[in-house]
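K.L.:
Each chain, written out:
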Amino acid sequence: MIPSTVPRPPAHVRRTQLFVGALAVAAVVLFVLALLTINWPTWARVQSGLTRNVAPLLNGLVRPDLKTFPLAWRSMWETFHMAVLGTLLGAVLAFPLSFLAAGNLLGGRPFAMPGKALLVGVRTFPEILLAIIFVAAAGPGPTAGIMAMGLHSIGFLGKIFSDVIEGIDAGPTEAIRAAGGGPIQVFLYAVVPQVLPEFASNVLYRFEINLRAAAVLGLVGAGGIGLPLLQRLQFRRWDEVSMLLLVIIAFVVTVDLISSRIRRRLV
Amino acid sequence: MPEPTPLGTPAPRAAGAPRPPLVARLRSYLGLGVVAALAVVAYQSTNFDLASLFTGAADFFSFFGRLAPDWSALRIIWRPLIETMQIAYVGTVLGTSIALPLIFLASANTALDPISMLVARVVLTILRSIPDLLWAALFVTLLAPGALPGIVALTFFTVGVLAKLGSETVESADPGPLEALRAAGAGRNRTIVYAVWPQVAATMTSFILYSFEINVRASVILGFVGAGGIGQLLYTRLNFFDYSGVGAIVAVTFVVVLAVDAVSVWARSKLI
Amino acid sequence: MSHIAFQDVEVTYPGGLKALKGVTLEIPRGQFVVIVGLSGAGKSTLIRTVNSLVVPSKGDVAIDGASVTTARGAALRRMRSDIGMIFQTFNLVKRSSVLRNVLAGRLGDVPAWRGVLGTFPAADLAFAHECLARVGIPEKAFVRADALSGGQQQRVGIARALAQKPSVMLADEPVASLDPPTSHAVMSDLKRIAREDGITTIVNLHFIDMAREYADRIVGMRDGLVVFDGTPAEATDRAFEDIYGRPIDEDEDLRGA
Numbered sequence: 001m002i003p004s005t006v007p008r009p010p011a012h013v014r015r016t017q018l019f020v021g022a023l024a025v026a027a028v029v030l031f032v033l034a035l036l037t038i039n040w041p042t043w044a045r046v047q048s049g050l051t052r053n054v055a056p057l058l059n060g061l062v063r064p065d066l067k068t069f070p071l072a073w074r075s076m077w078e079t080f081h082m083a084v085l086g087t088l089l090g091a092v093l094a095f096p097l098s099f100l101a102a103g104n105l106l107g108g109r110p111f112a113m114p115g116k117a118l119l120v121g122v123r124t125f126p127e128i129l130l131a132i133i134f135v136a137a138a139g140p141g142p143t144a145g146i147m148a149m150g151l152h153s154i155g156f157l158g159k160i161f162s163d164v165i166e167g168i169d170a171g172p173t174e175a176i177r178a179a180g181g182g183p184i185q186v187f188l189y190a191v192v193p194q195v196l197p198e199f200a201s202n203v204l205y206r207f208e209i210n211l212r213a214a215a216v217l218g219l220v221g222a223g224g225i226g227l228p229l230l231q232r233l234q235f236r237r238w239d240e241v242s243m244l245l246l247v248i249i250a251f252v253v254t255v256d257l258i259s260s261r262i263r264r265r266l267v
Numbered sequence: 001m002p003e004p005t006p007l008g009t010p011a012p013r014a015a016g017a018p019r020p021p022l023v024a025r026l027r028s029y030l031g032l033g034v035v036a037a038l039a040v041v042a043y044q045s046t047n048f049d050l051a052s053l054f055t056g057a058a059d060f061f062s063f064f065g066r067l068a069p070d071w072s073a074l075r076i077i078w079r080p081l082i083e084t085m086q087i088a089y090v091g092t093v094l095g096t097s098i099a100l101p102l103i104f105l106a107s108a109n110t111a112l113d114p115i116s117m118l119v120a121r122v123v124l125t126i127l128r129s130i131p132d133l134l135w136a137a138l139f140v141t142l143l144a145p146g147a148l149p150g151i152v153a154l155t156f157f158t159v160g161v162l163a164k165l166g167s168e169t170v171e172s173a174d175p176g177p178l179e180a181l182r183a184a185g186a187g188r189n190r191t192i193v194y195a196v197w198p199q200v201a202a203t204m205t206s207f208i209l210y211s212f213e214i215n216v217r218a219s220v221i222l223g224f225v226g227a228g229g230i231g232q233l234l235y236t237r238l239n240f241f242d243y244s245g246v247g248a249i250v251a252v253t254f255v256v257v258l259a260v261d262a263v264s265v266w267a268r269s270k271l272i
Numbered sequence: 001m002s003h004i005a006f007q008d009v010e011v012t013y014p015g016g017l018k019a020l021k022g023v024t025l026e027i028p029r030g031q032f033v034v035i036v037g038l039s040g041a042g043k044s045t046l047i048r049t050v051n052s053l054v055v056p057s058k059g060d061v062a063i064d065g066a067s068v069t070t071a072r073g074a075a076l077r078r079m080r081s082d083i084g085m086i087f088q089t090f091n092l093v094k095r096s097s098v099l100r101n102v103l104a105g106r107l108g109d110v111p112a113w114r115g116v117l118g119t120f121p122a123a124d125l126a127f128a129h130e131c132l133a134r135v136g137i138p139e140k141a142f143v144r145a146d147a148l149s150g151g152q153q154q155r156v157g158i159a160r161a162l163a164q165k166p167s168v169m170l171a172d173e174p175v176a177s178l179d180p181p182t183s184h185a186v187m188s189d190l191k192r193i194a195r196e197d198g199i200t201t202i203v204n205l206h207f208i209d210m211a212r213e214y215a216d217r218i219v220g221m222r223d224g225l226v227v228f229d230g231t232p233a234e235a236t237d238r239a240f241e242d243i244y245g246r247p248i249d250e251d252e253d254l255r256g257a
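Protein chains in written order, with the working numbering: chain A, 1 to 267; chain B, 1 to 272; chain C, 1 to 257.
No wet-lab data here; the hints were simulated from the structure.
None of the hints are false.
A few chain A residues that face chain B, going by a derived Cβ cut-off under 7 Å, partial list only:
#  : residue
1  : Phe31
2  : Ile38
3  : His81
4  : Leu88
5  : Pro126
6  : Ile128
7  : Ile146
8  : Arg212
9  : Ala215
10 : Leu219
11 : Leu233
12 : Val252
13 : Val253
Chain A residues, not near chain C, derived (Cβ > 10 Å throughout):
#  : residue
14 : Phe99
15 : Gly221
16 : Phe251
A virtual CB, placed ideally from N, CA and C, is assigned to each residue, including glycine.
Same shape as in the complex, but just chain A (with noise of 0.2 Å):
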């Protein structure tokens, strides 16, 4: 042991591991604060549901149900058809406004905060959220889902294009006004082309994300794959529960792999 010899480490590297050991401390300590004070149920309500629970839900998957599964592949496109239009939808609108919301463009910064603000709030919202108001003002069905899908995507895409557009090269708008180019020709010339891999590459992956939420979108009526999943689920009727959900799952893979494909290829 030469304790002695072994320099100490300078203080503001101290200081940090200080900080990061507190920080560390505090995230343990609430955790095991909310491991306390949640409401745990109790656990001979937990053990009935699960001795009722388990031994059928796995006996129902790995037995799915066959009859279920045209019901499942009908539901299931028509969710992947929602998530398509809610995605178009919110890829559209947001177009446009990520234009307004970017600080380079159009006026720059002053012009920019409204948009911006906009943005967020509606990034906010949950998507579900959203689909109930829309349920509750339009009616049960897909509509309502791919509407709530649109409004919450411009949020997500909106601020991702601004993010692109305020990161364009400068350059090619320099050139073709240089070369006596109008505003037009500068959007057309300039700056779409520098910024269209870019928006269909999220566009994809806002996709992605769509999908899955599509799924869910049920839940509240909204159309899609979630209802029927739901209401098996509260029969616990397992069989068909696992058709459902080998049919979403397949779904959602397949798409993933292709769309994470071509994104590839355009970026």
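Use these hints to put chains B and C onto chain A, whose structure you have.
P.N.:
Leaving out everything else, chains B and C in the frame of chain A:
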């Protein structure tokens, strides 16, 4: 509509300059065609009512008018709101502690062996393809309604969210230090702790914070299927058509979500 | 008995590339061997068979009579911990402090969780600082590795290898990323430490003059085979032209500085 420009091709073309190769142009037209066809099919199969976008929008805004918050509802809001945050936090912590070892198992440069790597990847892919609310609905049925199924649901959901982001980060780690550590006789654990973890820690922490943001949003709505938190209250208020109560809940939730986001975004900007 | 023994070592990479075509060498304890040759001659592959980062498809490499090539798992890791290695690109964890990088070479017996928490045994800490002092940068211990110059980073690489208390040191093009004066400083550090500790050292080098200056023995490789093996005095320009398979100009980059 502007003339569709081939993706990624610099646009201004001087007269007489060579046009982009035919294949590239065809491909981008084909892409647009596929999207258009999909849109048409989807439009018909869902009976999407574009008109209701306008009539519905009118309803939508009049509906918003009825949401004028009734602040006396705050009395009953704060408790479930705290539960919501607890669910999000505990779910994130548990999910992270399950996700981290799985991520190292599923990444090619830190895997144990090809078989366990494949298994880990398949498990993560399946976890990732199931949405948050579905997990909640499943566990509410399986366990009992309340915070517990919410926590379990978010735990699984977090594993799915972190897995993909995490293993991409781990796999893109600089292989040099890994080789150095292996050359010095380090086993897998020591290689991860000394060569991989220091490289990915900042990014990973940022991802964990990000998944906490997502979980806070998700935990707001878990209650719709009975998995505890503010969502349960929101759902009953909605069913009772108590719109001013709904307005208060939505407003408070909005503020809390924004606050969590702001703190998390700030913390993430400090990390990089 | 020789310290390191290559016995008819062949390496065929997946894809069919034959990097080594039968190399037999005996290296006595404490010798400072420099391997020269063009890139692609098999120098890097040869050096990596010593710690089994590359496993020979035929033949055997032994240290003190014990085969590294057939060792697996914990036994291989134990043998590797006795072999220090230095890399062209330093291979430091750039975001970690210098001290932590050095400690990474030290802690074969320390459980991984101590590394997570950063609570290292005092004796290991003291030794890591000592290693840094030996390469002349004791004051850099708490600096992040990516804040150092190339030469300093390579010194950290040497300190990390020293922290293993190795009996064998491998250096794969240790100065190829450095400017000439720094290269000489790093090479003389390496040589001095090898002398002082009696470490058997194998260095891959590109530069002729540097090989002549520092080597006890020069091994020339071409196309997967040993084509020269002798003292620096025997390694005439003529011999080098043979190794490189072409004439050497006075101002060519192979000469170094």
